[in-house]
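Each chain, written out:
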Amino acid sequence: MMACNVNVILQQGKFATSSRKWQSFPPHCYKANIISSIAIGPSRLPQSPSKLVFHEKERPSLSNEKFGIYGGKFVPETLISSLTKLDYEFNSALHDPQFQMELGVALRDYVGRETPLYFAQRLTDHYKNNNRGIGPDIYLKREDLNHGGAHKINNAFAQAMLAKRMDCKNIVAATGAGQHGIATAAACAKLSLDCTIFIGSLDMERQPSNVLLMKHLGAKIKSAKGSFKDAVSEGIRYWVNNLDSTYFLAGAAVGPHPCPTMVREFQSVIGKETRKQAMEKWGGKPDVLVACVGSGSNALGLFHEFIQDQDVRLIGVEAGGTGLDLDKHSATMARGQVGVYHGAMSYLLQDDEGQIIGPHSIGVGLEYPGVSPELSFLKDIGRAEFSTVNDEQTLDAYKRLCKLEGIIPALEASHALAFLDKLCSTLKDGEKVVVNLSGRGDKDAATVFNHLYP
Amino acid sequence: MAFSSTISPKNCRLSSSSSSNFPKSQDPPLKFNKFTLYPSKNPLPIACVLTEKQSMAAEPAVLQRPDAFGRFGKFGGKYVPETLMHALDELETAFKSLATDEAFQKELDGILKDYVGRESPLYFAERLTEHYKRPDGEGPLIYLKREDLNHTGAHKINNAVAQALLAKRLGKKRIIAETGAGQHGVATATVCARFGLECIIYMGAQDMERQALNVFRMKLLGAEVRGVHSGTATLKDATSEAIRDWVTNVETTHYILGSVAGPHPYPMMVREFHAVIGKETRKQALEKWGGKPDVLVACVGGGSNAIGLFHEFVDDKDVRLIGVEAAGFGIDSGKHAATLTMGEVGVLHGAMSYLLQDEDGQIVEPHSISAGLDYPGVGPEHSFLKDLGRAEYYSITDEEALEAFKRLSRLEGIIPALETSHALAYLEKLCPTLPNGTKVVLNCSGRGDKDVQTAIKYLKV
Chain H
1 MMACNVNVIL QQGKFATSSR KWQSFPPHCY KANIISSIAI GPSRLPQSPS KLVFHEKERP
61 SLSNEKFGIY GGKFVPETLI SSLTKLDYEF NSALHDPQFQ MELGVALRDY VGRETPLYFA
121 QRLTDHYKNN NRGIGPDIYL KREDLNHGGA HKINNAFAQA MLAKRMDCKN IVAATGAGQH
181 GIATAAACAK LSLDCTIFIG SLDMERQPSN VLLMKHLGAK IKSAKGSFKD AVSEGIRYWV
241 NNLDSTYFLA GAAVGPHPCP TMVREFQSVI GKETRKQAME KWGGKPDVLV ACVGSGSNAL
301 GLFHEFIQDQ DVRLIGVEAG GTGLDLDKHS ATMARGQVGV YHGAMSYLLQ DDEGQIIGPH
361 SIGVGLEYPG VSPELSFLKD IGRAEFSTVN DEQTLDAYKR LCKLEGIIPA LEASHALAFL
421 DKLCSTLKDG EKVVVNLSGR GDKDAATVFN HLYP
Chain X
1 MAFSSTISPK NCRLSSSSSS NFPKSQDPPL KFNKFTLYPS KNPLPIACVL TEKQSMAAEP
61 AVLQRPDAFG RFGKFGGKYV PETLMHALDE LETAFKSLAT DEAFQKELDG ILKDYVGRES
121 PLYFAERLTE HYKRPDGEGP LIYLKREDLN HTGAHKINNA VAQALLAKRL GKKRIIAETG
181 AGQHGVATAT VCARFGLECI IYMGAQDMER QALNVFRMKL LGAEVRGVHS GTATLKDATS
241 EAIRDWVTNV ETTHYILGSV AGPHPYPMMV REFHAVIGKE TRKQALEKWG GKPDVLVACV
301 GGGSNAIGLF HEFVDDKDVR LIGVEAAGFG IDSGKHAATL TMGEVGVLHG AMSYLLQDED
361 GQIVEPHSIS AGLDYPGVGP EHSFLKDLGR AEYYSITDEE ALEAFKRLSR LEGIIPALET
421 SHALAYLEKL CPTLPNGTKV VLNCSGRGDK DVQTAIKYLK V
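Going down the list, the protein sequences come from chains H and X. Start counting the first sequence at 1; every next residue gets the next number (the numbering used here). Start counting the second sequence at 1; every next residue gets the next number (the numbering used here).
Simulated from the structure, these hints should not be mistaken for laboratory data. Wrong hints could be hidden among the right ones.
With a straight-line Cα cutoff of 30 Å, these simulated DSBU-like cross-link-like pairs (lysine-lysine) come out [to be verified]:
1. H/K422 - H/K432
2. X/K219 - H/K128
3. H/K164 - X/K96
4. X/K106 - H/K403
5. X/K113 - X/K439
6. X/K113 - H/K128
7. X/K288 - H/K272
8. H/K128 - X/K168
9. H/K403 - X/K219
10. X/K335 - X/K133
11. X/K406 - X/K457
12. X/K168 - H/K403
13. X/K173 - H/K399
14. H/K399 - X/K113
15. X/K172 - X/K106
16. H/K432 - X/K439
17. X/K219 - X/K173
18. H/K276 - X/K283
19. X/K113 - X/K96
For clarity, every value in this text was computed on a predicted model and none was experimentally measured.
My request is simple: use the sequences and hints to build the entire structure.
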């Protein structure tokens, strides 16, 4: 695997706020035919960048492709013009009242927004009873009630509308657990677009019901040998070969600019609604926001609205798999190092030679060796905290929410719920915690069944 | 636009050969068998006589739904053992008092909003509308009432949640329910988990095998699932077993009936709890096009989702009400569940209604590809609306339903439940007859994730 000449990157001076400086990077310094899996060895970069000052002007703005040193467009030259065009279209759509209105109607009537901010009485009491009657008030943001059963559709639908606007009739997407695939297939069916979904062969075995759903919705399914990261690589390869007619619908907040920004922007409706609903319910803001982190799309969707509110704690929970020390996990922030993957610089799970480590989690949607560049930035400046929970704790949390609240959560969201075990006893009485219930868990019943009755 | 249905079943066909099943010397057995009425030349029980007089006097009959005896015309009633009469009276009293209890209404509204996710959208199905446009570009406008977006994926939870709250009011800690495919069982287990109530679900042993995943979901939610092996080990046997349990444990137990069938006050209560569907539809229709819907279409198994949509509009004569039942392999094949089309009047599970019975008054085993419509009876109010001519009822075969299942998935990206697909399939016959711009509201009563395996077998996707 070719490594980039990192010294050149570091010597580029101040962290660029425009893409032009990176354009001057001599193209022969990196392998140009695929944009996946370019990892920078740890010996070339410090373990974490030196302290960055959080200045107002460095706060990532809409068209800013960088979040500190993270993000960027590490892509072959052939893709640069497509990405620039996409960036332009994205910005113009955001400022187009017609587009916003159509999107609003679709989110309301098709997706079923706004999703409730639900006070989980029995879950709250459970933690209070364990702690002498003291504990926070736990609210769940019910993204599981969306059409398709997860938050993925917020982004998938908006991007499908964008693709239609750009006259791209073919949509290609990559999916891990299948939720993004379903959301994309549904949006394409509704907007009469052709849809091709790449899914890893291992994932097809683990989430067969989701594969069936995608087929029913009219999508063509293509298998990629391996798991989600391989599906993404295959999807991008397919896109690169059909640039003019195809739109790559990113479901994760990763990839070259403008993908992370787009996904975050379309998911930010979650946070916006939460602010409004919190004001209605208790006349204030949440104190703590908790969300599971795979690539970070649902977490950013919830957090983004509150980044400027320093009194709101942002906590991302990653997948500890079967154990952080056994290398069977997906805890990018906990164990990853900075590198470039799928077109962006971010933390990622890599070994000493810069090869990608295959991640593992019982929550298939969290199995991604990288993470959103924006979250990497928030971690470095200390704005967001990250923690991990393992598979066992996740299963316990899954069962707990079923028994206490009658809601079957996705195994991914169960990671966030499992973290409450550690969090609640540290919080003051009556603090308001909002957990992003990013998806429903019907798809996981078979997995849980197999775990409980092997 | 009410008109009498083209297929009129034999009205009030009273079987004359029922006495063999019911010797007069025996007390009505606790095993709750269906029986048919004796021919009219014998004196009828008191309740029937009064009702006969009442139905002649009450014009228009729609105003009294149900009357004080729990009857809709001659349908409905309380055909139950004496031991249950008190419980039913208590339930009725509690239910009536809640109508004026603001705290209850507020709590229920809060739960429907934050837990269930109401209000469900009234969604304009653009591509489906396009599909039904005639060559000259004319056709009706099709709206879907998205009950599939509710928590647990069907309309069932509206009723389950309200009844669980009601049970808590009554101080009952134990909940029982019956289930066929498992949807009502899951909804009941869900609300019991939410409210911390003990939950026992009766399910036919055959159904338990076919729906193993739903059984597991119910167990995950903390419910105890009891298999019923008697009879044909399907829904009607599970219902009988549940009623038996209720008779035994009536002081501590509340029975959450899943549909608008059963003894009074259940048809009325379940209807009232689902009526939110129709109320929202009226409001949303006014917002969207400043008027009312012209046609309402819904699938009918027991009839709860249909009544939930129709009830608000029964008194609006300019709104057509269309119920679609399951014709299974075809109504002539004998393997169907088209109760209102092919059934005869009898008493099942405590209420008089149309039901699928043979010459000896035994229940005919129904069949439908969709488990939720696989019920040999129907809610008494539907029987009433049919006889009155206020609502029309048609039936759709398994094949037509599967086609509609595929169609909505491909055109709108919404995978409907196979039950709902019956209503969607009827659009094929309905839309060519409707004038341009007619507003059709179809109740999308549930999502179809649970049905993909079944559909794959038949559709070979």
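So, going through the hints one by one against the coordinates:
1. H/K422 - H/K432: This hinted pair holds, its Cα atoms lying about 16 Å apart.
2. X/K219 - H/K128: Holds - the C-alpha atoms of H/K128 and X/K219 are around 26 Å apart, at most 30 Å.
3. H/K164 - X/K96: Cα-Cα ~53 Å, so violated.
4. X/K106 - H/K403: Holds: X/K106 and H/K403 sit about 25 Å apart, inside 30 Å.
5. X/K113 - X/K439: Given that 30 Å is the threshold and the Cα spacing comes to 27 Å, the pair holds.
6. X/K113 - H/K128: With Cα atoms ~25 Å apart, X/K113 and H/K128 stay inside 30 Å; holds.
7. X/K288 - H/K272: holds, 25 Å
8. H/K128 - X/K168: Given that 30 Å is the threshold and the Cα spacing comes to 23 Å, the pair holds.
9. H/K403 - X/K219: Holds, at about 9 Å.
10. X/K335 - X/K133: Violated - the C-alpha atoms of X/K133 and X/K335 are around 34 Å apart, more than 30 Å.
11. X/K406 - X/K457: Roughly 13 Å separates the two Cα atoms, so the pair holds.
12. X/K168 - H/K403: At roughly 18 Å apart (the allowed maximum being 30 Å), H/K403 and X/K168 satisfy the hint.
13. X/K173 - H/K399: Status holds; Cα separation ~22 Å.
14. H/K399 - X/K113: holds, 24 Å
15. X/K172 - X/K106: holds, 21 Å
16. H/K432 - X/K439: Violated, at roughly 45 Å.
17. X/K219 - X/K173: It holds: about 18 Å lies between the C-alpha atoms, which stays within 30 Å.
18. H/K276 - X/K283: Judged against 30 Å, a Cα distance of about 24 Å means the pair holds.
19. X/K113 - X/K96: It holds: about 23 Å lies between the C-alpha atoms, which stays within 30 Å.
This entry does not satisfy hints 3, 10, 16, going by the numbered hints stated previously.
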